[in-house]
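A.B. asks: Given next are the chains, with one letter for each unit.
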Amino acid sequence: MQRVPLLMLGFVALFIGAGAGLARLAWPMPAVAAGAAALHGPLMVCGFFGVVIALERAVALARWWAYLGPFAAGLGTVLALAGAPQLAAAGLYVLGGLVLLAASLDVFRRQRALFTFTLVLGALAWVLGAALWAAGWPVHRVVPWWMAFLVLTIAGERLELSRFMPPSPAATRVFAALLALIVLSLPLAHTAWGILVFAAGLLALALWLVKQDIARRTVRAKGLTRFVAVCLLSGYFWLALGASVMLGAQGLHPGSAAYDAALHAIMLGFVFAMVFGHAPIIFPAVLRVPVPYHAWFYGPLALLHGSLLVRLAGDVSGNFALTRLGGALNALALLAFILSTVTAVLMGTPALPKASKT
Amino acid sequence: MNMPDESAVRDALCTVDDPEAGMSIVALGLVYNIAVTDDAVNVDMTMTTPACPVADSLVEQSKAAIAAISPPGTPVNVNLVWEPIWNPSMMSGVAKEFFGWPG
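Those protein sequence lines, which keep their order, are chains A and B. Reading the first sequence from the start, the letters are residues 1 to 358 in this note's numbering. Reading the second sequence from the start, the letters are residues 1 to 103 in this note's numbering.
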C-alpha cells in the first residue's frame, strides 16, 4: 500500500485538527476547521497520531495487512470531516487501533519483552478509548485513555532504547510497576481518586524516563543525536508538569484552565517534542527521502516550548487572551516544524566529497 | 578497484550510524556476519527490535557504504536477520563505555 497518501491523511487530520483547536480558542478559522471544533481531540489523537504510529509500526513489520491500520484511521478522519455519524468515524478509528494492536501483538510474539508488551498496552488504550468515544462518551472522559495510548507508546520505545544503558533489574521492575499502575487506573480514571492514581503514575514515569533514558548520555553527542536528546529531555519536563497539574487540580475537569494546561503540556509539549526529534529519523524510513539535520531544527522546538509557556501562563493567570495567543503560537510552532522539515528535504543531502575512481 | 576484505567492509559499516544512539551499527553489535567471496559481499545484520521502523534505511545505507569501496557492479547483499535476537551484551566496549556500563 502507498505510504505517502496514508501519511498525507494523517497530516490532513493534523492541519484541520489544529485549526479546530484554534477555533475553540475563538480564532477565526475556515469552515472546515471551525466545523470540526468538537473533533479537535479525536483528529489529533486518532487522525494524526493513530495514522502516524500505525504507519510506523506497519513499516517496521513490513506486512501488508498492517497498512490497513493507518488506512482505516485515515478513512475515519475523512468520514469525521465529511460529517458522517460519529459512530462511523469512531468505528474506523477503533478498526485502525485494532490493526495497530494486532501489529503490536505480532511484534510481541517475535520478541517477548517488557517494552514490546508496553507497545501492546499503548495500542489497546487507543482501541478502548476510541470504542468508548464510539459508544457516545464525551471526549473529555476518553482523554486519559488516549493520553495513555501516546505516553505508553513513547515509553515503550524509550524502554527499548534504554537497553543501551547498563542493565538494571530494579529499574525494570519499577517500570513494570508504573505500567501496571497507569493501566489499572484507566478504567477508574473517571473517578476522583482514579485520575489521581493515573496522574501520579504519569509523574513517576516521567521521572523514570529522565533517569533511565539514553538521552542523558546522547545529549553529549553532536548533531541530530543531540537534538533528539534535547527534544526528549525537554519533553519529559512537560510530561512531569502536566501530570503535576492534574494532581494539583485534583483531576481533569473539562472546561477548566487546569484541564487546558495539563492536556496541552502532555499532548503537545511532551508528545510533539518527541515528534520533532524523531521526524528526521522516521520520515526517511517511511518516505525514503533523507531529512538532513540542520541546527535550525532547534527553532521550531524553542517555539513549541515558548508558546506552551505563554499558553500555560494564560491558564495560570486566568488571562484568556494569553492562553489564546499561546494557542496560536502553538499552531505556528507545528507549522514551523513542518516547514523546516520540508525545507531540509528540498535542500537535500550536503554534497559528499567525491570518491576517487580507481 | 579490488574486492574489499572483511575488515574494510567492517570499517565501511562503521560509518553507518544509528541516529538515535549516535553510534555506528558495528559499535552497537548489530552486524552479525561479514563474508566476502570472489564476486560478492554478504552481510548479516539485525536491529535492536522488530518494532524498529528504520531497518530499511539502515540496510540501504549499509549497502551504499559497502558499494562505495567495492568494484562497480559488485553484488552487495545485506540481510536483515532476527536470529539470534540482539541483546545489549553484544555492544562493543566503546558503546558500553559511552552508555556508562561498569568497566
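Keep in mind that the hints were calculated from the coordinates and are not lab data. Treat the hints with care, since some could be wrong.
Now the stretches of chain B that chain A is said to cover, found in silico as 3 or more residues with beta-carbon under 8 Å [said to hold, decoys possible]:
1) 20–26
2) 30–43
3) 46–52
4) 80–92
Backbone N, C-alpha and C define an ideal beta-carbon position, used for all residues, glycine too.
A.B. asks: Would you mind marking each hint as holding or not holding in the structure?
C.D. replies: Consistency of the hints with the structure:
1. 20–26: holds (count 3)
2. 30–43: Contact hint for the region 30–43 of chain B vs chain A: violated, 0 residues under 8 Å.
3. 46–52: holds (count 5)
4. 80–92: It holds, with 5 qualifying residues against the three required.
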